[in-house]
Amino acid sequence: MTQVFAIEEKQSQLAQLMRQVIQNGRLAHAYLFEGNAGSGQADMAIFLAAALFCSQADKPCSQCDHCQRVIRGDHSDVEWLTKDANSIKIDQIRELKHNLSLTGLEGRVKVFVIEAAETMTVQAANSLLKFLEEPHQDVYIFLLTNNREAILPTVQSRCQVIHFPSLAVDQAVRLFVDHGIGKAQAQIIAWLTTDLDSALALNDNQVFHDQCQRLDQWLQLIVARDGRAFTMVATDWMKLSRSRQDNQLLLQLLTLLLRDCLLIKSQSDQETLDQVLVRPDLKTNRQAKYQAYPEGLFLDLLKLVTKAQKMIKQNVSPQASLEYFVLEAWNLEKKYL
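Counting in my numbering, the sequence shown runs from 443 upward without gaps.
FYI, nobody ran anything at the bench for these hints, they're computed from the structure.
Below, simulated PhoX-like cross-link-like pairs (lysine-lysine); rule was C-alpha separation at most 25 angstroms, straight line:
hint	residue 1	residue 2
1	K745	K725
2	K777	K745
3	K531	K572
4	K731	K745
5	K755	K681
6	K776	K707
7	K745	K707
8	K707	K731
9	K625	K731
10	K752	K681
11	K525	K539
12	K525	K572
13	K625	K725
14	K776	K745
15	K777	K749
16	K731	K776
17	K776	K749
18	K749	K681
19	K707	K749
20	K731	K777
21	K707	K777
22	K725	K707
23	K745	K755
24	K539	K572
I would like the entire structure built from these sequences, with the hints used as guidance.
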């Protein structure tokens, strides 16, 4: 069975375009791949590196020894450069430039991939610029970034810049399911991130699963003005959470739940509703729970979620922020109920 490169799943049109560039012998020596995390910049670097070494006519084939070693990350003439601590330093670029001058171990071609290129120091970027201005034959450099604006304009001007659009939610769901994440969880995660590595990490996070399981109950208690909603902050959320990030995740999940509640209230066409809900499998259940409440309540609750998120970012304790949310939510309901 022919192996498909990851970029062909994430960015099929872009992959096909670059395959044509390779076949026409028009690959540039320096590219800047920019886009949000998970949109496929590293996957494209692998795809192009494999094509440069591939021994078959239809490059890259994904099956030959060269392609397989590039995919595995152990090809001797493909070098990946990552940031040291918080930045890519000039010594790293000097070492890269030294390696550029060496003959490839398995042929003439050498490939260098610089991840998080936006973290290059000014000195490192200027050092790299000297190579970009006078590229070596058979040497290719791919710069990857999710923050193009942080890269020196002079570096950008020496590269061909390719924008990688973020994956659509349905694309991300399919990708996550293909990599072993359950459909229901993939539907939620795809609204939080389209990056596969982040998605897999989130799926392995038990806090995430516990929050998903208990969130509906908490919202029901809140809109019913039940005192247990307040005590759940201490008895459930604080015991589950290990960090401020866990509490921010809870509020992100609550935002998605409130979004679904709003859609249930505002969208009458059931087929359309199935296509836009985060959790269409819970549509009937949530319609029964929340249909009686006014749309304005959920809009105001979303504003309160934003306020609680800001409080946590401003170093207000997560418990105080969540308790504030519950109390203010109860005050809101006086105008609706």
